[in-house]
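These protein sequence lines map, in sequence, to chains A and B.
Mapping of the first sequence onto full-length UniProt numbering: position 81 corresponds to residue 81, and the numbering continues sequentially without gaps.
Mapping of the second sequence onto full-length UniProt numbering: position 179 corresponds to residue 179, and the numbering continues sequentially without gaps.
Simulated from the structure, these hints should not be mistaken for lab results.
Warning: the hint list may mix true and false statements.
Intra- or inter-copy, both count: the list cannot distinguish identical chains.
Cut-off 27 Å, straight-line C-alpha distance, at most; resulting in silico cross-link-like pairs (DSSO-like, lysine-lysine) [unchecked claim]:
#1 LYS89 - LYS4
#2 LYS4 - LYS88
#3 LYS4 - LYS60
#4 LYS61 - LYS4
#5 LYS61 - LYS88
#6 LYS89 - LYS60
#7 LYS61 - LYS89
2 protein chains.
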Amino acid sequence: MRPKIRLFVDQPLGQGQPLALTREQSNYLFAVMRLAVGAEVAVFNGRDGEWRARVTQANKKNGALACEEQTAPQVTPPDLWLFFAPIKKARTDFIVEKAAEMGARRIVPVQTDFTNSERIRQDRLQAHAVEAAEQCGTTFVPEVTDLQPLSAVLDHWPDGRRLMFCDEARVGETAGLPPREGAAGPWAILIGPEGGFSEGERTRLGALDFAHTVALGPRILRADTAAVAAMTLWQMQLGDWA
Amino acid sequence: MRPKIRLFVDQPLGQGQPLALTREQSNYLFAVMRLAVGAEVAVFNGRDGEWRARVTQANKKNGALACEEQTAPQVTPPDLWLFFAPIKKARTDFIVEKAAEMGARRIVPVQTDFTNSERIRQDRLQAHAVEAAEQCGTTFVPEVTDLQPLSAVLDHWPDGRRLMFCDEARVGETAGLPPREGAAGPWAILIGPEGGFSEGERTRLGALDFAHTVALGPRILRADTAAVAAMTLWQMQLGDWA
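Bound-form chain A, shown alone:
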């Protein structure tokens, strides 16, 4: 029986390795969940797989665990990045959470011509990604970067990475991903803000040889819905769902 509680710990994991818990984790385990010494918890650090750990110190402010045994190998999802334009707070949180569940490797908030946000709380979004990873049973946590201007992202596009450009203006058209053969390798998905992309952005994106424009069905999707739908199509056709 696997432990019910999964925790991300940013420390090396290995046989007998002692693990210090943060104040927040200690409070959760020992004040909220009322675990005692000897109780089992699953832990992962994003690099060393999942381990069974046992409570050695049930202190509500600074508890500790000891690693016992690896219960799952490290699995890193396919090389998919998600670029999205931050929207209202709750929906931005949802997009980060969903990107972690759907197996994005990196999550990049981008500032577009029609983006409302001038800044984001990177630390808060990263914490959402950690929480989603704890819940969805993955051993990997995607990195959430700081807000970057879309133009700068495109200026410094990495060699060999393809872009699935989800263009709201093409609602109702059929445009899909290239077939798996010949389309392996690193990819990114770009989801626009409410109101879509500007004419200038669409023209630039349409002319990029690494960009594949994709239409997401006949109805306009909100940005968070579009993000999940796009990641589903990608994972099914080119990623780890197939």
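Following the hints, complete the assembly by docking chain B onto the known chain A.
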């Protein structure tokens, strides 16, 4: 140029047809958006397509419009129902909103062995579906039913409708939809609650000849993510995205 504001009105639409607005709609158009007599609004009723209407009475409590011209035909999405187990309030609202965006024709909250909710606010969920339809540009509004026990739903399953059963316990397996040929016709999707289905439910569902078990990738998805992912796969393979 299409009007920016889209409103659902539960009245017949046609050339010259006068439309009475609800108090809430009047407040939105004339107090919040400050429209004046002569302004244009897009309206739909779920049956007669989309029409351009013009403000004839800009009263904040009981305004009125007149229908002028049909701007889009009625489009009813493919015959897909979504059954889901209600979860926390915010996520239940999201599932209804996403089901409308993704083109579900009917949305049915079901009570399963592990469902927390004893009841739902059907009127509030229906209002969410209307709002989502207004935003996503569709001319159709899915019906949200009252909460129904899963066992009763299966007892009275309609002839000829197939079921895409998204089984959380099969995470990591590959199980897909049948190919388009031979799988046309009415379908439903079933998404479980957090904690999945009970052994009894899984046994019953697995034995139904109209049920196709589908695995949604290698990570555990929250119910709202699973709903969008499942509807994406269905619309792409069997629905109106292809």
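Consistency of the hints with the structure:
1. In this homomeric assembly, LYS89 and LYS4 come within 27 Å of each other (Cα to Cα) only across copies, at 24 Å, whereas the closest approach inside a single copy is 30 Å.
2. Only between protomers do LYS4 and LYS88 lie at most 27 Å apart by alpha-carbon distance; the minimum there is 20 Å, versus 32 Å within a single protomer.
3. In this assembly of identical chains, the alpha carbons of LYS4 and LYS60 lie at most 27 Å apart only when taken from the same copy (19 Å versus 54 Å across copies).
4. Proximity of LYS61 and LYS4 under a CA criterion of 27 Å is satisfied intra-copy only: 21 Å inside one chain copy versus 54 Å between copies.
5. In the homo-oligomer, the alpha carbons of LYS61 and LYS88 never lie at most 27 Å apart, since the shortest distance is 34 Å inside one protomer and 30 Å across protomers.
6. When the C-alpha separation of LYS89 and LYS60 is checked against a cutoff of 27 Å, the pair qualifies neither within a copy, at 31 Å, nor between copies, at 30 Å.
7. For the identical chains of this complex, LYS61 and LYS89 are neighbours neither inside a copy (30 Å) nor across copies (32 Å), given an alpha-carbon limit of 27 Å.
In the structure shown, a violation is registered for the earlier hints numbered 5, 6 and 7, in ascending order.
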